[in-house]
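A.B. asks: In order, the protein sequence lines correspond to chains A and B.
393 is the number that my numbering gives to position 393 of the first sequence; each next residue is one higher, with no gaps.
1006 is the number that my numbering gives to position 6 of the second sequence; each next residue is one higher, with no gaps.
The hints are simulated quantities; they were obtained by calculation from the structure and are not laboratory data.
Any given hint might turn out to be false.
[Said to hold, decoys possible] Now the stretches of chain A that chain B is said to cover, found in silico as 3 or more residues with beta-carbon under 8 Å: (1) 67-81; (2) 84-96; (3) 414-427; (4) 430-439.
Heads up, the beta-carbon is just placed ideally off N, CA and C, and yes, glycines get one too.
Below are the chains, spelled out letter by letter.
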Amino acid sequence: MKKLVHVAAATLIAASCGTAVPVFAEDVTVKLWSRADRSGPLRAGNIVAAADQLNRILEASGADVRVVIDLIETNARGFDADSLDVLKAHSVGDTPDILVAAHEWIGSFVEAGLAANLEEHIAANEPLYADMIPQLWESVKYKGERYGIPQDSEIRMFFLNNDILRATGKSEEFIAGLPAAVEAGEFTMYDFCDLAAEAVNSGAAKVGWVHRPNVGPDFQMAMASFGIDIYNEDEAKLQVTKKGLVAYYSWLQYCVENGSLPADMTTWSWDSVHAAFRGGDALSKFHGIWNVGAQLESFGVSGAEEYFNLITWIHSPPGEKGGQPKNLSHPIVYVVGDTPNKDLAAMIVALASQHVPNTAHAVGTNHTPINYGQAAMPEFVEKGWALIAGTPMLKHAEFMPNHAKIGQYNAITYQGVQAVETGELSPEEAAELVIDELEVELGDDVIILD
Amino acid sequence: MRSSTFRTGTNMLVFLGPASFFLVCLLLAPIFVDLVVAFTDMAQTIRINEFTTKQFSKLVRASEDAWLGFELRSSFYRALSLSAVYIFFTLAIFNLTFGLILALTTTALPDWLGGVYRAIWLLPRMSPSVVYALMWIWVVDPTERGLLNQVIGVLGFSPINMKLDAPIVLIVTANGFIGASIGMLILTSSIRSIPEHLFFAARADGAGSLSIVRHIVLPALRWPLSYITVFQFLALLVSFEYIFLIMGPARSTMTMAMLAYTKTLAPDIGAGQYAYGAAITLILIVIGVFVALVLYRLANMTRLLMSPRIEVQ
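Required output: the full structure, derived from the provided sequences and hints.
C.D. replies: Encoded structure:
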C-alpha cells in the first residue's frame, strides 16, 4: 500500500513537471449580463459556448487560465429597462464583462464609463471580423469609435395581408407591384392609409393598420419617411424639425380620421396588436422581420411561396411622391465592459460572432445575419429564406442614434403620437408640445432645426 | 439612582428602539433621499455629478405676465389638473359617498347578509392588483368582446371605448371600487359602535329611518369621515398602480404620481430620469403635507385626537 502511494505521488510530480498542462488552472470569471429573452436565447448561449471553445484553445496551448461564465440573467421587461438596470449596477461597481444590449444604449454606456472601446481589439483581430456586413458597424459607433460588436441584425417594414387586399378588390398585379411602387416613391404614406381605409370600408378588414402600442424604434422609420433626420453625427446631438414633426403627425391624424388607424392604438396591449394582424383582422402592421415565424404559425402557412402569396413586405413609404422610402434596422449588440477582463471578454465575443454560432441564433429567431458568408450556409439557405429575402431591404435601413438621450427623445415624440391619435391635440399643437418638452428635458443635447 | 436611569434607558431602547429604527429607515430616510436626489442631476446611473435646481426648472417657465414671474409648463400643469380631478371624484363619489352608502345599507341588513355583502365588496382589495386591472381591461375592451359593450349591446347601444373617450371615469371607477371598501369597513365599525339604545329611543319617539340616519348616525360618523378624507386623499395623491396597469403611460391619465413613475422607473417610456422624478415626488410630498394640514384644520381633527375630558366607564 505504501509503495502504491509513493508511485502515485511520483507519477503526479512527474506529470506536473513534464507537461505544459497545469494541474490547477486559474479560473477567470467573466460576468455576462443578459435579459431572459424568448426572442434570442442564444444571445447569451453563444457566449457560453464561445467560452467553452476558448477554454479548449487555452487547454491546448497549455495556458493556466480557464474562463468561467457567470450568467446574470435578468427579467427586465425590455432592453430599455434592462439597460437602466445595468447602468445602476455599474454605478455601484458591479460592472459586467459582457453585456447584451440594444445598440442605441451604447452612448449611455460610454458616457457612464461602462463600455470599453473596441477599436484596438477589432483591428488586432481583423480576420475574425472581416466578413461583418459593414453597415452594421454604424450601429455600434459612438463619436466615431466602435464600442460594441453587432450580435444580430433585423429589418423593420410594413407587412400587408394579401388576402385582405384581394377581398378589397385589388388585383394580383397591384399587389405584386406594391413593393416596387414604394421603392420608386410612387406609393406614399397617404396612399397607404387610403388603401387601409378602403380595406376597412369594403368590409375586408376590421382594422386598417396597427403600430406598436408603446415607445420604440419603429416610429423612427415613419418619421424618416417625412424627412426627419433625428441625429446630427458631426455634433453628436439629436435633432428635430418642427416642419417634419407637423408632417408626420398630420399623417397620423389623417390615418385616424379616415378610419384606417384606431384612435386608441396607443392604449392597446402588444397581444392585441399582434392578434389584430396575425388574426387576419388588420390589413397591415409595421414591425420587424422576426415576426415571420409567428406569422407562419398563425396563418398556417409554410415555405416562401405560401408565405409571400399571403404577405407583402414594403418599406415605410415616402411621405410624398418621389420621396425616399425608409426602414429601420435595430441590431442587438455585445458590449464589453471596461473591466480588467475586457481583453478576454472581447475574444469570447469575437468567437461568439462567427458564422456558425450566429447562424444558429439568426435562423432560430428570424434575424438577419451579421456576416455576409452566413447567407450561403446550408442552414440559412434551407431555413432562412425570409431573412435572405429581407436582406436587400437593408439598403434603405437607418439605425437609431447611439445617443445617451435617445430613449427620452423617443418617449417625448411618442407623446405627440398619443396626443394626435387620441384627438387631444392638432398636429401643430403636438409638434409645439414635443419641441417644448425636448428643449426642456434634453437641453443642449437636441438641436431644433427650424 | 444610576441603576434606575440605566433601566429607563434600556427600556426605552428595547421598547422604542425597533419602532424608531423603522420610523427612520422606512419613513424619514426615503423622504430625505428624495429631497437630496431632487436637487441633483442623477439620471440613468445613480451617480451624482452636481447639485442643481434644474429639475424644478423643467416644471416651470419664466413668464413676465405671470404673477410670480413664472408659469407652470403644460405637462406639469396638466398632471396637476388631472391629479386634482382624479382625487376629488374618487374621494367624493366612491371613498366617502359610496363607502357611506355601503356601510348604511349593510348594517341595516341582517348580520349574516350584511357580512356577505361586505365580503363581496372586499374582493377587489383582496385580489392581486394585476388580476384586478386585467379584469377591468377585459370589462372595458373597446370591441364587442368587452363585458361592458356586451351589456350595453343588449340594451341596444353601440360599443363605447372608455379608455379613449372617458379615461378619467375609468380610473376613478376602478380605484373607487377598491377605495370604497376601506370607507365601508371604517364606517360600518363606527355605526356598530353607536349605542343601540339611541336607535330604540329614536324609534320610540317616532323617528323614521332617514331621520335616524340624519340625526343619530351621521353626527357619529363625523370623525371617521374626516379621517377617511385625509387618509384617502394622501393615498390617492401618490397612487399610480392601477392607472398604469389599466391605462399604461397614457397622456390622458398622466397624473402627478404617474408622471413621476414614468420619468423614473416605468419600462419603455423614457425612464431613468431619477432626479427629475424625485423633484416631482418632492412636490407631491409638499402638496400632501399642505392639504393634509388644511383638511386637519377644517375637520378640526385636533378634537378627535385629544384625550377625552371625562373617562366614560
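A.B. asks: Test coverage of the region 414-427 of chain A by chain B using CB-CB distances below 8 Å; three residues minimum.
C.D. replies: Since 6 is at least three, the answer is holds.
A.B. asks: Per the coverage rule (Cβ-Cβ under 8 Å, at least three residues), is the region 84-96 of chain A covered by chain B?
C.D. replies: Holds, because 6 residues of the region 84-96 of chain A bring their Cβ atoms closer than 8 Å to Cβ atoms of chain B.
A.B. asks: Can you take a look at whether the region 430-439 of chain A is actually covered by chain B? Rule is 3+ residues, C-beta closer than 8 Å.
C.D. replies: holds (count 3)
A.B. asks: Can the region 67-81 of chain A be counted as covered by chain B under the rule of three residues or more with Cβ-Cβ separation shorter than 8 Å?
C.D. replies: It holds: at least three residues are needed, and the region 67-81 of chain A offers 5 whose Cβ sits within less than 8 Å of chain B.
In the structure shown, no violation is registered for any of the earlier numbered hints.
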